[in-house]
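Participant: So the chains spell out like this:
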Amino acid sequence: MKIPIIIDNKMVKVDRGTPVLLAARKADIFIPTLCYHELLEPYGACRLCIVEVVQNRQRRLVTSCNYPAEPGMEVFTDTDPVRKIRKVLVELLLARCSEVPVVQKLARRMGIETSELKKKETKECVLCGLCVRFCEEVVSVSAIGLSNRGIEREVTTPFKTASDTCIGCGSCSYICPTGCIEMVPDKTPGMREMHMGKLTLEPCTNHYQCENCSTDQQFLNNLKKEVTRFRDTFSRFRNQES
Amino acid sequence: MKICNSLSDLESFRDRLISERRSDRIVLRTCISTGCKAQKSSKLVQTLKSEIDRQGLQDKIEIRKTGCHGFCEMGPIMVIEPENIFYCRVKPDDASDIISSIVSDGAVIERLLWKDPATKENIRYERELPLYRKQKKNVTYRSGRIDPTDIEGYIAEKGYTALGKALSEMAPSDVIQHLIASGLRGRGGGGFLTGIKWKICSEASGDIKYIIANGDEGDPGAFMDRSLMEGDPHSIIEGMTIGAYAIGAEQGFIYVREEYPIAIEHLSRALKQAEEYGLLGNNILGTGLNFTVQITKGAGAFVCGEETALIISIEGRSGTPRSRPPYPALSGLWEKPTIINNVETFANVPLIISTGAEDYASIGTETSKGTKVFSLVGKVMNTGLIEIEMGTALREIIFGIGGGMRKNKEFKAVQTGGPSGGCIPMSKLDMPVDYDSLKEAGAIMGSGGMIVMDETSCMVDVARYFIDFLMFESCGKCTPCREGLKQMHQILTNICEGLGEERDIETLMALAQLMTVSSLCGLGSTASNPVMSTIRHFRNEYESHIYVRKCVAGVCKKLFEYVIDEELCNGCGLCRIKCPEKVVSGEKKKLHVIDSGKCIKCGICINSCKFDAVKVI
Chain A
1104 MKIPIIIDNK MVKVDRGTPV LLAARKADIF IPTLCYHELL EPYGACRLCI
1154 VEVVQNRQRR LVTSCNYPAE PGMEVFTDTD PVRKIRKVLV ELLLARCSEV
1204 PVVQKLARRM GIETSELKKK ETKECVLCGL CVRFCEEVVS VSAIGLSNRG
1254 IEREVTTPFK TASDTCIGCG SCSYICPTGC IEMVPDKTPG MREMHMGKLT
1304 LEPCTNHYQC ENCSTDQQFL NNLKKEVTRF RDTFSRFRNQ ES
Chain B
273 MKICNSLSDL ESFRDRLISE RRSDRIVLRT CISTGCKAQK SSKLVQTLKS
323 EIDRQGLQDK IEIRKTGCHG FCEMGPIMVI EPENIFYCRV KPDDASDIIS
373 SIVSDGAVIE RLLWKDPATK ENIRYERELP LYRKQKKNVT YRSGRIDPTD
423 IEGYIAEKGY TALGKALSEM APSDVIQHLI ASGLRGRGGG GFLTGIKWKI
473 CSEASGDIKY IIANGDEGDP GAFMDRSLME GDPHSIIEGM TIGAYAIGAE
523 QGFIYVREEY PIAIEHLSRA LKQAEEYGLL GNNILGTGLN FTVQITKGAG
573 AFVCGEETAL IISIEGRSGT PRSRPPYPAL SGLWEKPTII NNVETFANVP
623 LIISTGAEDY ASIGTETSKG TKVFSLVGKV MNTGLIEIEM GTALREIIFG
673 IGGGMRKNKE FKAVQTGGPS GGCIPMSKLD MPVDYDSLKE AGAIMGSGGM
723 IVMDETSCMV DVARYFIDFL MFESCGKCTP CREGLKQMHQ ILTNICEGLG
773 EERDIETLMA LAQLMTVSSL CGLGSTASNP VMSTIRHFRN EYESHIYVRK
823 CVAGVCKKLF EYVIDEELCN GCGLCRIKCP EKVVSGEKKK LHVIDSGKCI
873 KCGICINSCK FDAVKVI
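So the protein sequences, as listed, match chains A and B. First residue of the first sequence? That's 1104 in the numbering used here, and the numbers climb one at a time after it. First residue of the second sequence? That's 273 in the numbering used here, and the numbers climb one at a time after it.
Hints should not be assumed to be uniformly reliable.
Said to hold, decoys possible - With a Cα cut of at most 25 Å, we get these calculated BS3-like pairs of lysine-lysine: (1) Lys679/B / Lys700/B; (2) Lys1221/A / Lys681/B; (3) Lys1222/A / Lys679/B; (4) Lys829/B / Lys681/B.
Claimed, not checked - Covered by chain A, according to a simulated footprint, are these stretches of chain B (three or more residues, beta-carbon under 8 Å): (5) 285-297; (6) 772-783; (7) 786-800.
Claimed, not checked - Sample of chain B residues with no beta-carbon within 10 Å of chain A, all distances over it, derived: (8) Lys315; (9) Ser376; (10) Glu400; (11) Glu424; (12) Glu522; (13) Leu561; (14) Arg594; (15) Phe671; (16) Leu757; (17) Lys758; (18) Asn766.
If you are wondering where the hints come from, they were derived from the structure by calculation, not from laboratory data. Remember, predicted model here, so these are calculated numbers, not experimental data. C-beta atoms are modelled at their ideal positions from N, C-alpha and C, and glycine is treated no differently.
Looking at chain A on its own, in the form it has when it is part of the complex:
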């Protein structure tokens, strides 16, 4: 059943429990995010999608990617506290990844040119975890993971050696928002060079019988959803234009 919620004074009808972020997208309201992807479980790590929610007369700050839409809820995506949080967050990310285009673009959008913070780094990874989660949730392989904690946290294969479970599908590289997981064809046939080292391309264990493969089935189902979504958006735009 669809329920109405109000986002920035716009009413939008969504299924109960839909993440607020998706509801906002439906209403063409921009909320920045780096770690959210529709095919994956919400992760709530980048915190950029923080919005203010008024519910049961209580006003609070929540991350919209994992906050479910409930009847009677009102959402504000562009208030002073929200803007202030986003700005400092982007500045923190810019200090970490000063040369990453997606972060630079976000920063410009918030009116920040350079980070004023003390510790400046040129890391490429924002630790959004998209690659790790895509590898686990969609590809069902879990060839890469997050190791260490705190400031030493990083995306890597177990023990930083070439993974023997990686099938070389390239999903991690495809989904990475900063382009830090590059896939370079290696001179040796059947090998790929990735940032964690050389990886062997795994030949298909199902002898290319795609209909028997759960990975492929899941992938195709998701792909179908994606295509439908694109088609809808596309036709909506076309209608608006005409």
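Place chain B on chain A using the hints.
Facilitator: Leaving out everything else, chain B in the frame of chain A:
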């Protein structure tokens, strides 16, 4: 065959234990918990035993290996019943003297008594110690009194009566009502009402539910949970079993870190014995209640004390918190409704059930009921494990129980709540210790760490220390906590090294506020407390570091110098002899001088001078 198959079995078993007690025996209660064990208390026990065997006194003297007595600094500790004579710093070599004094005339060995530094008098009895006198030992009552590896000691001290009462006289909902009425709040730090948490979990749908006791204590300088697990493991197990009955759980977990080997050993034994005695397992006391508990060992990550990270850790994945809601009470371990409470919270439950909610709620303040265990450490005279009534003033704890500051130094701050807590200044010393007052002062109750600091602690350095700890202990999942701590650490290091800038305080506050409102879990949202509270209460120290480039406490090496006071120096030459860099010069009985250009600021001169002639400028 189980020993207690029904409630009446348990009662008659307890009666038998009490009636068999030998009142004519002298009992040597010797602590074998971590603190005393590190001071060779196991060897002491061995020597005592062989001495008793040698003299054939097995019938007259009993050695009881106990858990923590609380005065760990003075370990190994021994209390001799029935008079409760308190001996401290007992060495294995003292064993024969102790035994012979008991056998011969019962005289007290003066050198083993504790000498009160204030009055210079020897204190003879346990109850007269200043550290103990003003405490209210409810939860830690049995620790130090019973043998934690022997369930019979616990049962004889009214153990498992609360479980018996809950199972025989109360419905699960009554238990929860009792807890709500008692006003018990979570002892792990959050301070959420335990009864409400249990109620939510009991009403959650699903036939499988879990109970988790959080013993993942990771704060530097805190040892409350460890002492409780080592000294009275059955009280935790009893509390968990009552919880299992209240919410309908059949499985429980105790999460302990691997670096607490004695706690793990005592808990494992306790679990095994409870099963043998019919107090855990299938059909507990013949009432049809099934409940088993297993121990999960953590690898020692501070973040695993956060409930969602702890749950993920038990599931076998690396401990990183997840967003709440859903709260564990509705969807926790393996997505089943789960109660997760601190071990101390569980140890409070049997007290509430046996004494009644009203009695329990009669002590404490309006919003914080009961007692709280703290580990009092730092620059106070008496350090150790203490239990006080909620609402006791900080001054009473530090100057009453703690006996005031060491070396006549001036009190500067007390840090409560571990790394995520805050520093409380002198002006707030009369504040009652409860959840709300501490929060208002910018600190937190936390699990109960209490670190006292004097004038030789630099508050900027203290903030830097805690931020450094948290920077490596944050899981690193969310941006504000991971990146915010890194930037804060850089700014604080700069300030401590004399590179502070005018806008640093402002930036620190902005980062701190961001972390508080936008972090994913409790670690991140409280991680800025050390910085915020020190800026709030000790802003002048930050300013003197930044603008005057001076560290008056004499901690930040680049921001002070040692000089010798002309009037106070009598030229004894001790500093010159002790200086490892040989940068102190001066003739005997004449004023000495420190070459500050070559001084490495190790502090040996200031600590060795008997006339306080070495000064920090």
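Participant: Give a verdict on every hint.
Facilitator: Hint by hint, here is what the structure shows:
no. : hint                 : verdict
1   : Lys679/B / Lys700/B  : 22 Å, holds
2   : Lys1221/A / Lys681/B : 36 Å, violated
3   : Lys1222/A / Lys679/B : 40 Å, violated
4   : Lys829/B / Lys681/B  : 21 Å, holds
5   : 285-297              : violated (count 0)
6   : 772-783              : holds (count 3)
7   : 786-800              : holds (count 5)
8   : Lys315               : 39 Å, holds
9   : Ser376               : 60 Å, holds
10  : Glu400               : 47 Å, holds
11  : Glu424               : 43 Å, holds
12  : Glu522               : 29 Å, holds
13  : Leu561               : 36 Å, holds
14  : Arg594               : 8 Å, violated
15  : Phe671               : 38 Å, holds
16  : Leu757               : 7 Å, violated
17  : Lys758               : 5 Å, violated
18  : Asn766               : 6 Å, violated
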